[in-house]
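Modelling step: build the complete structure from the supplied sequences, incorporating the hints.
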Amino acid sequence: EAGVTQSPTHLIKTRGQQATLRCSPISGHTSVYWYQQALGLGLQFLLWYDEGEERNRGNFPPRFSGRQFPNYSSELNVNALELEDSALYLCASSPELTNTGELFFGEGSRLTVL
Amino acid sequence: RKEVEQDPGPFNVPEGATVAFNCTYSNSASQSFFWYRQDCRKEPKLLMSVYSSGNEDGRFTAQLNRASQYISLLIRDSKLSDSATYLCVVNDRDSGTYKYIFGTGTRLKVLA
Chain A
6 EAGVTQSPTH LIKTRGQQAT LRCSPISGHT SVYWYQQALG LGLQFLLWYD EGEERNRGNF
66 PPRFSGRQFP NYSSELNVNA LELEDSALYL CASSPELTNT GELFFGEGSR LTVL
Chain B
6 RKEVEQDPGP FNVPEGATVA FNCTYSNSAS QSFFWYRQDC RKEPKLLMSV YSSGNEDGRF
66 TAQLNRASQY ISLLIRDSKL SDSATYLCVV NDRDSGTYKY IFGTGTRLKV LA
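Quick mapping for you: the protein sequence lines, in order, are chains A and B. At position 72 of the first sequence (counting the first as 1) the number is 77 in the numbering used here, and the numbers step up by one without a gap. At position 95 of the second sequence (counting the first as 1) the number is 100 in the numbering used here, and the numbers step up by one without a gap.
Be a bit skeptical, because a hint or two may be false.
Claimed, not checked - Covered stretches of chain B, as calculated for chain A (at least 3 residues, CB under 8 Å):
| # | segment |
| --- | --- |
| 1 | 49-59 |
| 2 | 102-111 |
Claimed, not checked - A short list of chain B residues far from chain A (calculated; beta carbon distances all over 10 Å):
| # | residue |
| --- | --- |
| 3 | 15 |
| 4 | 17 |
| 5 | 18 |
| 6 | 19 |
| 7 | 24 |
| 8 | 45 |
| 9 | 79 |
What the hints assert, rightly or not - SDA-like, lysine to any residue: derived pairs with alpha carbons at most 20 Å apart:
| # | chain 1 | residue 1 | chain 2 | residue 2 |
| --- | --- | --- | --- | --- |
| 10 | B | 47 | A | 12 |
| 11 | B | 7 | A | 65 |
| 12 | B | 47 | A | 14 |
| 13 | A | 18 | A | 91 |
| 14 | B | 7 | A | 49 |
| 15 | B | 50 | A | 93 |
| 16 | B | 50 | A | 7 |
These are calculated hints, taken from the structure and not from any lab test. Heads up, the beta-carbon is just placed ideally off N, CA and C, and yes, glycines get one too.
Right, here's the structure in full:
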């Protein structure tokens, strides 16, 4: 069974540009979570989608946005890129609305902003 | 104060040693607790959940102290393969929904 897949693996942008990152959850999982992992800061919660709706949002500015499609895949958009947006962006999925703790992560998309 | 705090380490221990990590959390209403493991340049993976009564999985023991708001992970008989970053995770209930908060992780290096 395929795990969580993310694309692109690496992305290089310049300040002010926009980046789009994609995530496909494990088949049957309806919840998708996005995290930012910058050096030394650990995983910072960005967004949580379930059944196509945004369920929760972390303390990030509105230029971080996303959506979840009917097939449960998800997209993270970062507008007006800043240097400090350079990080590994991790997507995780879980089956339905759950607090059991089992999040299955993809390998991440590494965004570099020059 | 950070929502979830961990000592970043690194903890350098010889093979066979016992090592313990603590993690503190700020929200007394936090619902559930977990330890994840993240190998270098890899994605995090669930190691174990943490229950109020404490729980054990082989060489790993997790404990929760709600009164003091901390979680611990004990690793006995450390193996070289235990070298990784251990992430403490708290699930907070927030306005009727959930949010998984990760600590910054504690690095463990098990030395031959």
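Hints versus structure:
Only residues whose beta carbon comes within less than 8 Å of a beta carbon in chain A count, and the segment 49-59 of chain B has 4; three or more means the coverage holds. For the segment 102-111 of chain B, the assignment as covered by chain A holds, since 9 residues bring a beta-carbon within under 8 Å of that chain's beta-carbons and 3 suffice. Chain A leaves residue 15 of chain B outside its interface by the beta-carbon criterion, the shortest separation being 13 Å against a cut-off of 10 Å. With a closest Cβ-Cβ approach of about 19 Å to chain A, residue 17 of chain B is found to remain outside the 10 Å limit, as its non-interface label requires.
Remark: the non-interface label on residue 18 of chain B is consistent with the geometry, its nearest Cβ contact in chain A lying 22 Å away (cut-off 10 Å). The non-interface label for residue 19 of chain B is consistent with chain A: the shortest C-beta to C-beta separation is roughly 27 Å, beyond 10 Å. Taking the minimum C-beta to C-beta distance to chain A, about 20 Å, the non-interface status of residue 24 of chain B holds against the 10 Å cut. Residue placement check: residue 45 of chain B keeps its beta carbon more than 10 Å from all beta carbons of chain A (closest about 12 Å).
Distance to chain A confirms residue 79 of chain B as a non-interface residue, since its nearest Cβ pair spans about 19 Å, more than 10 Å. Distance hint between residue 47 of chain B and residue 12 of chain A is fulfilled; the C-alpha atoms sit about 15 Å from each other, no more than 20 Å. Between residue 7 of chain B and residue 65 of chain A, the direct Cα distance comes to roughly 16 Å. Compliance with the 20 Å bound is thereby established for this hinted pair. A threshold of 20 Å between alpha carbons decides the hint, and for residue 47 of chain B with residue 14 of chain A the separation of about 12 Å falls inside it, so the pair holds.
Proposed proximity of residue 18 of chain A and residue 91 of chain A is supported: the alpha carbons are some 9 Å apart, at most 20 Å. With a CA separation close to 11 Å, the supplied pair residue 7 of chain B and residue 49 of chain A stays within the 20 Å bound. At roughly 16 Å between alpha-carbon atoms, residue 50 of chain B and residue 93 of chain A fall within 20 Å of each other, so this suggested pair holds. In summary, the hint linking residue 50 of chain B to residue 7 of chain A is supported, as the alpha carbons are separated by about 16 Å, within the 20 Å threshold.
The earlier numbered hints are all upheld by this structure, with none contradicted.
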